[in-house]
Amino acid sequence: MTKTELADLYRAYIACLNRQDWDNLGRFVQDDAQHNGRSFGLAGYRAMLEQDFRDIPDLRFEIALLVADPPLIAARLAFDCSPKGAFLGLPVNGRRVAFTENVFYRWRDGKIAAVWSVIDKAAIEAQL
1 MTKTELADLY
11 RAYIACLNRQ
21 DWDNLGRFVQ
31 DDAQHNGRSF
41 GLAGYRAMLE
51 QDFRDIPDLR
61 FEIALLVADP
71 PLIAARLAFD
81 CSPKGAFLGL
91 PVNGRRVAFT
101 ENVFYRWRDG
111 KIAAVWSVID
121 KAAIEAQL
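When you number the sequence shown by the numbering used here, it's gap-free, plus one each residue, and the end is 128.
Bear in mind the hints are in silico, worked out from the structure with no lab data behind them. One or more hints might be untrue.
Unchecked claim - Under the rule of at most 25 angstroms between Cα atoms (straight-line distance), these lysine to any residue pairs were calculated in the SDA-like manner:
1) Lys3 to Lys121
2) Lys3 to Ala47
3) Lys84 to Phe99
4) Lys121 to Asp31
5) Lys84 to Lys3
6) Lys84 to Ala43
The structure displayed is predicted, hence computed values, not measured ones.
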């Protein structure tokens, strides 16, 4: 897969998340996917995302920076949203916060096999 093809595939994955099109998540995520070193599998990955959208009804993934170097993707995702309650242990409680997430993906056979992500919690703390 070329850099352009992988970047396009990643953009399609982000669009799938923003549509909350969970039935098609398996087009982008391996059945044995890992998240931050934990075996989640597709079902666990989907459950995590569904919970994220329940906790943050206006959640939207925006790509701020994207680097594709097959089989890896590095991205900086930007968020501007209003988590309903506590978020990352912080009492957000419906206030609008803006923050970023730095995330790396390892792809295998055209699907995400592993994800490593870090959310900028300090940016949220500064807004509260």
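Quick rundown of the hints versus the structure:
1. A C-alpha spacing of about 30 angstroms is found between Lys3 and Lys121, which places the hinted pair above 25 angstroms, so the restraint is violated.
2. At roughly 29 angstroms between alpha-carbon atoms, Lys3 and Ala47 are farther apart than 25 angstroms, so this suggested pair is violated.
3. The straight-line distance between the Cα atoms of Lys84 and Phe99 is roughly 16 angstroms, inside the 25 angstroms bound, and the hint therefore holds.
4. Taking the CA atoms of Lys121 and Asp31, the gap is near 29 angstroms; set against the 25 angstroms cutoff, the hint is violated.
5. For the hint linking Lys84 to Lys3, the alpha-carbon distance of about 37 angstroms lies beyond 25 angstroms, and the restraint is violated.
6. A hinted pair counts as satisfied when its Cα atoms are at most 25 angstroms apart, and Lys84 with Ala43 qualifies at roughly 24 angstroms.
Hint compliance for this structure: hints 1, 2, 4, 5 are broken, all remaining hints hold.
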